[in-house]
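> So you can see what is in the structure, the chains are spelled out below.
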Amino acid sequence: MSLLAFFTWCEQSFVGEAIRNSQWLFPVIESIHLLALVLIAGAVLVVDMRLFGVGLRRQPVAQLARDAQPWLIGGLMVMLTTGILLFLSEAIKCYYSSAFAWKMTSLLLALIFTFTVRRKVALADEGRVGPLWSRLVAVVSVALWSGVGIGGRWIGFS
Amino acid sequence: MFQRFCEWLANTPWSIALHESLWGYPIVESVHVLTMCLFLGMIVMLDLRLLSLTMRTVPVSQVAGRLLPWARAGFAVMVITGALLFYAIPVRAFHNIFFRIKIVMLILAGVNVWVFHSGVFRRVAEWDLDPILPKRARMAGVVSLVLWASIVVAGRMIAYNWFDCDRPQSSLVNTLAGCDPNTSE
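Top line first, the protein sequences correspond to chains A and B.
So for the first sequence, our numbering puts the first residue at 1; every next one is plus one.
So for the second sequence, our numbering puts the first residue at 1001; every next one is plus one.
Chain A with its partners taken away, still in its complex shape (with noise of 0.2 Å):
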């Protein structure tokens, strides 16, 4: 099945159609998208921050981080689930949209830089990361999240 093909039948998918041929669904979905976007910033901020060293400097990296996981988590799955059913309303305009394709590839980037590099750096111990280290790690991690968003609010302008 080309690429094409498999978004045609999410844009003719029974979720997708539902959501199109209401008024209210996509705006109520996509305002939960947004309520998401804001916790898994907060999550994600405060450990950058510390991790740049500014903001909550006198906490340990690791318990920051260990704090602000399950928030992360839970908004990235209120924020998966949103985006799916956001892109099954559209897919074929997602299709054609270069922004879409831009946010999806920072999306997948970040999730596997935030996983792997920035979780080790974040849970390592005290003094083990240089400050250099760990203030890349966090402009690396801001730089993509803000790609993501940037990217989503395009596709609407495209």
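Calculated directly from the structure, the hints in this document are not laboratory data.
None of the values given here were measured: they were computed from a predicted structure.
All the given hints hold, so there is nothing to weed out.
Using C-beta positions, here's what the derived DEER-type ranges look like:
| # | chain 1 | residue 1 | chain 2 | residue 2 | range |
| --- | --- | --- | --- | --- | --- |
| 1 | B | TRP1014 | A | ILE84 | 36 to 42 Å |
| 2 | A | TYR96 | B | SER1052 | 43 to 49 Å |
| 3 | A | THR105 | B | GLY1119 | 44 to 50 Å |
Ideal placement from N, C-alpha and C gives every residue a C-beta, glycine not left out.
Starting from the structure of chain A, add chain B where the hints point.
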């Protein structure tokens, strides 16, 4: 009177330029959304801390002291970009029911901040690390979460025209949105 002001604003060259721009409006809106992540990200983490749902071993005074400066900086950008977005479509925003709801909620959120900081937060040293925080602190957290969530949703809904004055509306909407039913089609 504010209606006249909005009409005058809408006819200023910069308002028209921003309204019709290919890139200007989307860029301002993107900055508004990205800064929301900073501003509300900080606020949500503080609210969750007030409910003892995260960072329980970090004193509340430290969470507030270290995160609120970032929230304030974010809020300043939110206000500027928000004002620009309003400036691009003043008349439509003024008669948009979601815009009006958003403004009222923003004022209420401001009152909540004032009540919290002038009240229970003054004695934060007494309950900084309590396993369950004072009721007023928890209340401030819940009210903040509910209000800001409503503000985000209302803000997103401004884009939809369901309740615009140029469509037939119930008298309730006409009153709330300040529509003149005689001029609508």
